[in-house]
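Now for the letters of each chain:
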Amino acid sequence: MAAPRSLLSLALALLLSAGCSQPGAPTPAAATDAAPPASSPEVVVYTARKYQLVEDLFAEYTQTTGTPVRAVTDDAGPLIQRLRTEGANTPADLFITVDAGDLWFAADQGLLAPLDNATLTANIPANLRDPANRWFGLAVRARTIAYSTTAYTPERFASEVKGYADLAGPAWKGKLCLRSSKHVYNRSLVAALIARYGEPRTEEIVRGWIANLATEPFSSDTLLLEAIIAGQCAVGIVNHYYLGRMIADQGAVPVAIRWPDQDGAGAHVNISGAGLTTHAKNRDAAVRLLEWLSTAEVQARFAAANQEYPANPQAQPTDIVRGFGDFLRDPIAVAEVGRLQPTAAKLMDRLGWR
Amino acid sequence: MALSTAAAAREVRRHPRPDRGPLFVAAAIAALPLTVLLALALSATGAPTEDMRHLFEHVVPGVLLNTVVLVFGVTLLAGLLGTALAWLVSTYDFPLRSLFAWALLLPMAIPAYVLAFVAIAGLDFAGPVQTALRGIFGPDLRLPPIRSTGGVILVMSLALYPYVYLLARGAFATQGRRALEVAASLGLTPRQSLLRVQLPMARPWIAGGMALVAMETLADFGTVAVFNYDTFTTAIWRAWSALYSIEAALQLAGLLVLLVAVALAFEQRAQAAQRHTALGGTAAPRLRLRGWRAAAATALPASVLLSALLLPGIALLSWAARHAAEDLDADWWAAAGRSMALGLMAAALVCTLAIALAYAVRVRSDPVTRGLARIATLGYALPGAVLAVGVFVPMAGLNNLLESAARAVGGDWPGYLQGSVAVLLLAYAVRFLAVGHAPIEANLGRITPRIDDGARLLGATGFALLRRVHLPLLRTGLLTAAVLVFVDVMKEMPITLMTRPFGWDTLAIRVFELTSEGEWTRAALPALAIVLVGLLPIALLLRRADRPDRG
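Chain order of the listed sequences is A and B.
According to my numbering, the first sequence holds residues 1 to 354 in order.
According to my numbering, the second sequence holds residues 1 to 551 in order.
Among the hints, a few may not be true.
FRET-style restraints, in silico, Cβ to Cβ [what the hints assert, rightly or not]:
#: 1; chain 1: B; residue 1: G138; chain 2: A; residue 2: D326; range: 37 to 43 angstroms
#: 2; chain 1: A; residue 1: Q316; chain 2: B; residue 2: P48; range: 54 to 60 angstroms
#: 3; chain 1: A; residue 1: Y197; chain 2: B; residue 2: V262; range: 52 to 58 angstroms
#: 4; chain 1: A; residue 1: E60; chain 2: B; residue 2: H58; range: 43 to 49 angstroms
#: 5; chain 1: B; residue 1: G135; chain 2: A; residue 2: Q314; range: 28 to 34 angstroms
#: 6; chain 1: A; residue 1: A248; chain 2: B; residue 2: V262; range: 39 to 45 angstroms
Read the hints as simulated data drawn from the structure, not as lab findings.
The C-beta atom is built at its ideal place from N, Cα and C for all residues, glycine as well.
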């Protein structure tokens with residue numbers, strides 16, 4: 001009977017491979033996990049900023065300082081939940097997100113520690129950090145208006161659209177594209193509008209946007225930009241760096257940026273930032289990494305990896321981003337935007353922005 | 001189930017006292033998801049009533065309808081596709097049949113979320129297909145949008161039909177000549193015999209496959225997120241990430257589990273009266289099709305393969321080629337290795353648990369044991385992110401407890417329980433036990449009580465009966481289970497994200513990180529690797545499964 005033997009060999013193969021794969025797979029973690037965490041000179045980072053955007057800098061930091069940086073990536077929600085659940089036993093020293101709302105919430109939950117540090121306060125402007133210094137912005141992104149240069153000349157577009165609210169007008173019926181309301185960037189934008197105009201006026205604007213949609217909301221800004229290029233829509237609201245990345249990738253594209261509300265409140269900006277966890281085991285090492293990330297030279301590369309604006313005013317953005325021109329930023333404190341996020345989410349739900 | 005009642009009765013007669021072992025086994029296995037559900041229920045208390053009111057007024061009605069439409073649509077279409085294709089390749093002979101017979105299973109290796117992003121990048125307004133058509137027919141050409149309810153149902157069905165196909169094909173292929181001969185002798189045409197003999201006989205397999213598809217659809221997050229199609233899962237996610245209320249999210253999840261439990265209870269009742277045993281005999285000879293019938297029979301599987309495998313494969317290949325030079329480094333290979341290691345370990349664990357569970361039910365077929373088996377397989381319908389929380393909370397609690405205990409006696413607790421491979425595997429087991437259980441249970445149902453009796457007469461009882469008689473007969477089911485679990489673990493995202501230890505980044509995690517930044521083309525390389533690695537065990541499964549029908 002061949003059957004039992006082949007089955008046995010299958011089971012054996014499975015077990016063997018299961019057994020072997022553990023030592024076989026590269027697991028520096030397994031080795032270091034066994035050591036008491038307090039004594040290992042390393043920094044453990046929980047990051048919602050994606051690995052491909054931070055891995056090179058972390059590797060460089062380890063190489064120059066000898067301090068290993070171990071990172072776990074996930075979305076901000078699960079990472080915050082992880083920090084909450086682990087409590088005092090969390091291995092995490094630093095928490096990095098891509099949205100002020102998430103930083104605000106983590107701080108609000110008592111997960112981030114205040115940090116009075118001269119280097120950080122000197123490098124990061126006050127409006128880009130927590131008033132209580134529990135988190136610090138590391139890169140700035142603007143959520144702005146992008147339009148098709150095939151359909152409009154810059155002069156004509158500039159005369160028709162001054163700011164976000166103009167896109168709610170009847171002239172844009174069937175021409176506007178939006179990303180899904182599920183994404184935190186849109187939530188932050190609507191939260192900023194609520195802070196600026198109050199809820200009733202914001203509701204009017206958002207209702208106008210939804211009425212003007214050319215197609216169902218997209219699941220990513222990249223798809224939205226491609227739809228503008230293809231002519232499915234004439235205008236959309238995106239984070240500036242998606243266009244920056246596209247230009248870096250493909251060269252010139254027939255899409256331009258119109259900085260909104262330059263005569264008024266300014267364009268909505270958000271931050272990617274970091275904070276020290278309340279229960280950091282390697283506090284000093286974590287602070288040193290954070291200081292390093294805030295220095296002008298590192299800031300330029302931190303931002304360049306994603307075509308963002310450095311938070312440190314001493315650092316320069318990439319040529320592509322400089323090409324977008326200077327613009328007025330909405331000076332509203334990012335913490336306020338974080339606080340208003342649930343309100344914004346409910347508003348978008350009510351109006352049926354999918 | 002009726003047959004195992006009889007078997008159990010005999011079992012009782014043979015053993016002087018009623019055997020409680022199976023009950024304990026089933027209870028122990030069901031304890032895993034029960035702990036998870038309990039942890040979730042406890043964490044769900046204290047959601048702000050204002051948030052819940054908002055969700056029930058503005059979110060729940062819409063997503064409930066969407067979810068029902070999606071689950072019904074996908075389950076029906078995938079069930080129809082899977083069954084029709086399986087019947088076609090096992091009943092008829094037509095050009096390329098033997099190629100289709102195994103190739104139709106391959107799309108199983110493509111994660112639904114990957115098929116989704118390929119479909120949207122390729123077929124949406126801005127994609128190459130519509131752009132080319134506008135080039136021919138003018139800029140005003142408007143086609144039905146791919147980002148629509150129909151689009152998401154179609155894409156998920158193409159990704160999930162192999163679950164039904166695999167199980168149905170196994171059923172059709174092993175139904176044996178005798179059943180068909182009896183049908184033919186009663187004057188039934190092949191079509192009548194399909195409806196009145198083959199389909200009813202294959203029902204537990206088809207139903208098992210469709211149940212897997214339904215639960216997979218219900219728990220899906222990645223695909224619906226790419227389509228921006230709001231379901232219960234996205235609502236759970238929204239409550240969590242937008243309202244900052246894990247409690248509200250878990251209450252929604254609880255509602256989802258309740259719905260699933262009710263649906264499963266109905267399915268159970270519908271199936272309870274059925275009795276299935278194999279008639280045996282060699283596989284029936286296939287009828288040769290000619291002319292337009294042969295052409296039509298070739299066209300169906302060909303078009304399914306083209307849209308579910310070949311075109312997406314070509315798209316992935318061309319994108320991957322763009323980035324392979326810079327991305328294909330040691331890191332990447334390590335991620336591929338970890339994906340495979342986790343898949344293999346999870347497959348071994350789940351198969352062991354699934355056999356134990358299926359046996360417990362077979363030997364002791366009382367309502368309690370059967371109920372426990374249902375609970376044990378409930379984890380499959382839970383959205384991965386929710387299940388991850390349910391696993392994470394008790395583990396972190398236990399870890400914190402151990403830490404305090406260690407400190408109390410002056411020691412130092414060294415590790416982090418919640419971030420260890422063991423916990424990750426446990427979470428996979430809770431999530432994928434249903435996947436392993438379905439084929440094994442269906443296969444076990446085929447082993448008639450007469451076989452047991454015969455074996456016992458020859459002196460094989462208890463464990464020897466399992467090892468020497470049942471396991472060889474379970475070969476197909478076991479292998480199917482192992483491959484399904486392996487491939488599912490390779491594709492899994494949220495649990496891996498939340499409970500993986502440091503450094504255990506897998507291919508699926510690479511895909512997640514790249515797609516969530518909108519870098520679709522760079523995600524093609526890890527996505528392609530998931531597909532290729534998944535193809536290996538599927539090919540192995542096919543080689544085995546094809547052996548019986550060669551005779």
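Do the hints match the structure? See the list:
1. B:G138 / A:D326: 37 to 43 angstroms: With Cβ atoms ~41 angstroms apart, the hint holds.
2. A:Q316 / B:P48: 54 to 60 angstroms: violated (45 angstroms)
3. A:Y197 / B:V262: 52 to 58 angstroms: violated (46 angstroms)
4. A:E60 / B:H58: 43 to 49 angstroms: Holds: the Cβ-Cβ distance is about 47 angstroms, inside 43 to 49 angstroms.
5. B:G135 / A:Q314: 28 to 34 angstroms: Given range 28 to 34 angstroms: violated, Cβ gap about 49 angstroms.
6. A:A248 / B:V262: 39 to 45 angstroms: At roughly 52 angstroms between Cβ atoms, V262 (chain B) and A248 (chain A) fall outside 39 to 45 angstroms, so the hint is violated.
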